[in-house]
Amino acid sequence: MKIATLFSAVGASAAVLAGTVALAPPAMATEQVSCVGAWDAVVISWAMDGSNKLCYEGAGNAGFGSGLPQSQSVEAGKYSGYVVVDLPQGNFLFDFKPNETVHIPSGGEIGSLHID
148 MKIATLFSAV GASAAVLAGT VALAPPAMAT EQVSCVGAWD AVVISWAMDG
198 SNKLCYEGAG NAGFGSGLPQ SQSVEAGKYS GYVVVDLPQG NFLFDFKPNE
248 TVHIPSGGEI GSLHID
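Under my numbering, the sequence shown is numbered contiguously, ending at residue 263.
Worth flagging that the hints you see were computed from the coordinates, not collected in a lab.
Glycine included, each C-beta is placed from N, C-alpha and C at the ideal position.
Careful, some of the hints might be misleading.
[As the list claims (entries may be wrong)] So the derived label-pair ranges between C-beta atoms look like this:
1. 184 to 254: 27 to 35 Å
2. 181 to 235: 29 to 37 Å
3. 184 to 237: 31 to 39 Å
4. 235 to 186: 28 to 36 Å
5. 212 to 252: 17 to 25 Å
6. 206 to 184: 19 to 27 Å
7. 236 to 210: 17 to 25 Å
8. 245 to 200: 16 to 24 Å
9. 250 to 187: 17 to 25 Å
10. 184 to 234: 26 to 34 Å
11. 253 to 213: 24 to 32 Å
12. 185 to 236: 30 to 38 Å
13. 178 to 236: 28 to 36 Å
14. 236 to 180: 30 to 38 Å
[Stated by the list, open to error] Here are the simulated PhoX-like cross-link-like pairs (lysine-lysine), alpha carbons at most 20 Å apart as the crow flies:
15. 244 to 225
16. 200 to 244
17. 200 to 225
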């Protein structure tokens with residue numbers, strides 16, 4: 148009888164946990180957009196001379212796998228948020244606010260972007 152009660156309690160706990168997980172909202176992803184005319188987008192410049200650009204709009208997250216090599220800067224446009232930057236000393240968060248430009252220290256690679 149005690150074993151059956153134990154299995155019932157475990158089953159009920161698993162059902163509650165499954166219900167909790169099912170109610171969690173999905174993670175939002177920011178949208179990559181064309182940089183042409185994207186004056187209000189978040190613009191990430193990377194490569195030695197900053198010539199490579201990625202532009203994003205909307206709240207959410209974007210990951211860059213192993214990082215954007217030779218990251219140069221983040222221009223915030225109308226958005227606020229942060230980037231996670233991998234430096235030789237470790238990973239660091241760099242916050243940005245609307246209309247700000249954040250310069251990434253030499254050797255940094257942006258690993259992810261979060262737009263509020």
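We went through each hint and held it up to the structure:
1. 184 to 254: 27 to 35 Å: At roughly 32 Å between Cβ atoms, residue 254 and residue 184 fall inside 27 to 35 Å, so the hint holds.
2. 181 to 235: 29 to 37 Å: holds, 33 Å
3. 184 to 237: 31 to 39 Å: holds, 37 Å
4. 235 to 186: 28 to 36 Å: Since the Cβ atoms of residue 235 and residue 186 sit about 34 Å apart, the hinted range of 28 to 36 Å holds.
5. 212 to 252: 17 to 25 Å: holds, 21 Å
6. 206 to 184: 19 to 27 Å: holds, 21 Å
7. 236 to 210: 17 to 25 Å: Since the Cβ atoms of residue 236 and residue 210 sit about 21 Å apart, the hinted range of 17 to 25 Å holds.
8. 245 to 200: 16 to 24 Å: holds, 19 Å
9. 250 to 187: 17 to 25 Å: holds, 20 Å
10. 184 to 234: 26 to 34 Å: Holds - the Cβ-Cβ distance for residue 184 and residue 234, about 33 Å, lies within 26 to 34 Å.
11. 253 to 213: 24 to 32 Å: Once the Cβ atoms are compared, 18 Å apart, the range 24 to 32 Å for residue 213 and residue 253 is violated.
12. 185 to 236: 30 to 38 Å: holds, 32 Å
13. 178 to 236: 28 to 36 Å: holds, 32 Å
14. 236 to 180: 30 to 38 Å: holds, 32 Å
15. 244 to 225: holds, 8 Å
16. 200 to 244: holds, 19 Å
17. 200 to 225: Given that 20 Å is the threshold and the Cα spacing comes to 17 Å, the pair holds.
Checked against the numbered hints given earlier, this structure breaks only hint 11.
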